[in-house]
Amino acid sequence: MTLALIESLLPPRFQTLVPSRSGRNTVPYRLVVSASALDRRPQNVEGNFFVDHTCIDCDTCRWMAPDVFSRIGGMSAVTKQPASKDQNIKALQALLSCPTNSIRTEKPMKEVVEVNKMFPLPIDENALPGIYHCGYHSEKSFAATSYFISHPEGNIMVDSPRYNEILARKFDMLGGVRYMFLTHKDDIGEHDKWAQRLKCDRIMHVGDVDYRTADVERKLHGDGPWIIGSDFELVYAPGHTKGSVCLYYKPMKVIFTGDHLFKSGETGELDISLMYNQQSVSLQLDSVKKLLDLDFNWIFPGHGRRISFKDNHEKNAAIEAFLASKEHLHDNSNTRHI
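Numbering (the UniProt record's numbering), first residue to last: 1 to 338.
Derived by calculation from the structure, the hints in this document are not laboratory data.
A hint or two may mislead.
Pairs of lysine-lysine residues, derived as DSSO-like cross-links and limited to a Cα-Cα distance of at most 27 Å, are as follows [to be verified]:
#, residue 1, residue 2
1, K107, K117
2, K219, K193
3, K110, K170
4, K290, K253
5, K253, K289
6, K80, K263
7, K193, K117
8, K107, K85
9, K117, K170
10, K253, K326
11, K85, K117
12, K80, K117
13, K219, K199
14, K253, K263
15, K250, K199
16, K110, K80
17, K242, K310
18, K310, K263
19, K326, K289
20, K290, K326
21, K107, K80
22, K242, K263
23, K253, K242
Ranges of calculated distance between the beta carbons of each label pair, as one might list FRET restraints [as the list claims (entries may be wrong)]:
#, residue 1, residue 2, range
24, I166, R40, 22 to 30 Å
25, P108, E314, 41 to 49 Å
26, E266, R212, 51 to 59 Å
27, P251, R40, 44 to 52 Å
28, P122, E327, 37 to 45 Å
29, S36, P152, 49 to 57 Å
30, E217, A37, 33 to 41 Å
31, E111, R212, 35 to 43 Å
32, S230, K199, 19 to 27 Å
Quick reminder that beta carbons are idealized off the backbone N, C-alpha and C, glycines included.
With the hints as constraints, model all of the structure from the sequences given.
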């Protein structure tokens, strides 16, 4: 086991950045990381694992390994070193998934090679068979979560992880990828590399197509809904962006929402992002209201923690409470919020 082999699994320290989530920056530039930025944050507890100053506060490690990582001072930190094999594995999974390689260890850990082979990670093999977390979050999509769905009519990747050849081979072993569904323009990540490697058709609403996605194979037009096979429905959800679309997996009662709807890290309740809204908050709230007509018990967002409900009634009660809390925004938000 060599240090070079272990480091090859991690994202590079010097990366080309893409447009900001606000859409303002359109010219990539080089990120230069200073030596001090790689130092251990003082908020970390003593021990092997630590987070450095390059953390972008994306929250990924905190929901992947909540027993190890917490938020302190606007960034993640190791607040408890792994105390069991399971915690150690989860910490290494978070390390590999960190989009900026901000999670590090004082000493190289050979276990990281075996942990790397675990991706994609099953969400719940009993309750949600065939649904996986891809890991390898990409800085190009501000660490958006990508999912893999195994299905007899053709496997689906939801949004794009960071490209990794070992992960690509695992997808091959699982039957490949027929479709890459892109929820919206912010979370496309390295879609082009994946499409070329996997020979899959990308699906995206034309309202979000730009120079980066001009060659997407299947462009959605109109208001939908659109059907994929017998089990999937694409639900038009404009507001966050003009072309935002959700993937509704009907038999599993799961909806993949991208940046359309998620759980607030502060309140634990349903929420939307006003800061990063690129079209209309009012329209986005109307799109959230459409979800009352769908029967699902799970929300898999592009960012943050997955949300479960005991039944459709509880789901609708949560959505109605959210809409009521945002009613004051509904008639005053037809302009873009940045």
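Starting from K219, check that the Cα of K199 is at most 27 Å away, please. holds, 17 Å
Restraint status (C-alpha distance of K107 to K80 at most 27 Å): Holds, at about 17 Å.
Checking one constraint from the list: CA of K253 to CA of K263, max 27 Å. Satisfied? This hinted pair holds, its Cα atoms lying about 18 Å apart.
Taking only the CA atoms, is the gap from K290 to K253 under or equal to 27 Å? Since the Cα atoms of K290 and K253 sit roughly 15 Å apart, the hinted pair holds (cutoff 27 Å).
Does K263 lie within 27 Å of K242 when you go C-alpha to C-alpha? holds, 22 Å
Do P108 and E314 keep their Cβ atoms within the hinted range of 41 to 49 Å? holds, 46 Å
Given the range 49 to 57 Å, decide if the beta-carbon distance of S36 to P152 lies inside it. Given range 49 to 57 Å: holds, Cβ gap about 52 Å.
K310 and K263 were given as a pair; does the straight-line alpha-carbon distance stay at or below 27 Å? holds, 16 Å
Take the C-beta atom of S230 and the C-beta atom of K199, compute their distance, and say whether it sits inside 19 to 27 Å. Taking Cβ atoms as reference, S230 and K199 lie about 23 Å apart, which means the hint holds.
With the threshold set at 27 Å, check whether the alpha-carbon distance from K110 to K170 stays at or below it. Holds, at about 20 Å.
Is the straight-line distance between the alpha-carbon of K219 and that of K193 27 Å or less? Holds: K219 and K193 sit about 19 Å apart, inside 27 Å.
35 to 43 Å was suggested as the range; check whether the CB atoms of E111 and R212 agree with it. holds, 36 Å
Violated hints for the displayed structure, listed by number in ascending order: 17, 26.
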